[in-house]
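Could you build the full structure based on these sequences and the hints that come with them?
For reference, the chains in residue letters:
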Amino acid sequence: MHMGHNFAALCTNSTAYGWLNMWERLLFPFGWFSASVGAVNDMATHPGYYSELVEQSLGTSTLATDEIERDLHRSLPEHPAFQSDTGISALRRVLTAYAYRNPKIGYCQAMNILTSVLLLYAKEEEAFWLLVAVCERMLPDYFNRRIIGALVDQAVFEDLIREHLPQLVEHMTDLSFFSSVSLSWFLTLFISVLPIESAVNVVDCFFYDGIKAILQLGLAVLDYNMDALISCHDDAEAVTILNKFFDSVTNKDSPLPPTVQQAPVGNNDKASHFTVDISELIREAYEKYGNIRSEEVESSRKRNKLHVIQTLEDTTKQNVIRVVSQEVRFNASLLDELYNLFKRQHFLSCYWKIKSPALLHHDPSQAYLEQYQLGYHQFSLLFSLLEPWSFCTAKGPLSLWIFRLIDENQDGLVNFKEFSCSLDTLYCGSFTNKLKFLFKLHLPPGE
Amino acid sequence: MAYAYLFKYIIIGDTGVGKSCLLLQFTDKRFQPVHDLTIGVEFGARMITIDGKQIKLQIWDTAGQESFRSITRSYYRGAAGALLVYDITRRDTFNHLTTWLEDARQHSNSNMVIMLIGNKSDLESRREVKKEEGEAFAREHGLIFMETSAKTASNVEEAFINTAKEIYEKIQEGVFDINNEANGIKIGPQHPTTNSTLSGSQGGQHAGGGCC
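Chains as they are written, first to last, in full-length UniProt numbering: chain W, 1 to 447; chain C, 1 to 212.
Everything labelled a hint here was simulated from the structure, so no lab data went into it. Backbone N, C-alpha and C fix where the C-beta goes; we use that ideal spot for every residue, glycine too. The hints are all genuine.
Derived SDA-like pairs (lysine to any residue); straight-line CA-CA distance at most 20 Å: (1) C:186 to W:174; (2) W:417 to C:96; (3) W:288 to W:209; (4) C:186 to W:231; (5) W:212 to W:224; (6) W:317 to C:103; (7) W:417 to W:370; (8) C:29 to C:155; (9) W:317 to C:99; (10) W:417 to W:387; (11) W:305 to C:70; (12) W:305 to W:175; (13) W:417 to C:106; (14) W:302 to W:144; (15) W:317 to C:98; (16) W:440 to W:399; (17) C:186 to W:237; (18) C:151 to W:73.
Label-pair restraints from in silico Cβ distances: (19) C:1 to W:37: 49 to 59 Å; (20) C:166 to W:409: 33 to 43 Å; (21) W:208 to C:179: 50 to 60 Å; (22) W:336 to C:179: 31 to 41 Å; (23) C:130 to W:295: 52 to 62 Å; (24) W:430 to C:2: 53 to 63 Å; (25) W:58 to C:32: 25 to 35 Å.
Dropping the structure here:
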């Protein structure tokens, strides 16, 4: 037997019983772990790796571990396995070890929910390798600091809605509603919206068919609620309809007692409502939308990815320009050009020098202004092209002094605001301000 | 239930500051120390009365982790009010306010009313951010400010209702174009009768209960 030795013991009797039956019910007789060939191989070729990681990572304190700690009690909180220290500790170990293994991802919310479900049905080490398979292969780029993979799949989902549910498109002028409401469907494989005993069936399909299973189920859910969705007046109403629907999903094959079910908020009027069985819903998803091919999904991902990243970059730019425009006299289009030059300079330095200070500090999750910064070398290259005295022969020391002056926190990097403010003074400042600026340049550092 | 106006709110702020708990306390009048993490968005609604008028608050609760910013952004559009929440026991959540505010100002309509909330005021012994600092930040950026406790319900009603009052006043002053739903304000399906009850209309609903 592959799964759940450790967890079966710490769950209540009824849960352990539920687990055994679940085991028979699973699509895969040996559970999720065996279904993921990659995870099996990874574990076999890395004996002892997980326990070493756990040893190295436990007790470390990073932003990721802080966030993990905060979310441990917000991961399937209704499930008895995560009401005891045993379950919480296992969750902590897996998430911390993962963040340690892959600092590029670190920890992203939703990983806690996935991991807690994995822990219910696999041994701890297996759950870890399954998490590796999910984060690094099955849901590529999902859990990085801008959840780009999930945003891309939302766009893919929108494309599929357009293709398969034209009636809905006719009614909804703005499809972005569906992409934002479906975010949790993708990031948590429906675990955060469906009752847990039904959600595990979805996870089964995911390990068998990958993201295609989630996409086709998403379409089936919308299709099932088509009439109600078409007649609703605003987003809130549509969310209500979908929440009610998810709450009404049952799993007749599951022996889990209702107390163990992770009751989503607001399931108060269940009795007055219809129910739908998860296996029926999944069957419908496969029958109606099973013809979606993985290659199509892949090419749609490629199509949408550039657009998603461009949109994020544009947002950053607009934000920075809005903030900086309040400080300088340059007009918006000039600032726009200046920003592009600045960002290009940042990337040029990344391209040519792996260890440039700007690259080492590059972190897309930082405040907008801090995302792109220049070290002295890149700064002087760009500044020498833009400064008003570009034909002056003795300008070398000037750019160094300017850099020193505007790098207020003295971390060796200047951001776009500091950069444009100095140019603004030199080009648009009053005579007195220019003079002041030049005077300050000549003060020795620290004065 | 007929309402004179519907106001859309958005709740924003770092992860773990108590956004969902504030919403739950306001809509259901209860505190749930252990609850699911918010992934993406959730919403709740409640009726309040201002100036004898029934006003429905439709409140969108967002995920706080940095990674989810791009999702949160799409909810600023069409919000009349925002509750910007920090945790008085965690200095970093206060330090991040500027970024949140930048995002809010960038993506919302310029008239959006923003209420700054220092939550967890019941944890006085663990306080890291002084009340005066919150007040100063609010003053500097033109926000309304309150310290609340979603646990003891202290000031929670006031926070949501005062925001609504401010929006209502702006409507009276003609600042909001109420015919443009992008402003987060909707006129009710029918005008309320003048003798409608002023109290006893505080029925709450949370994330999908009841109809809209």
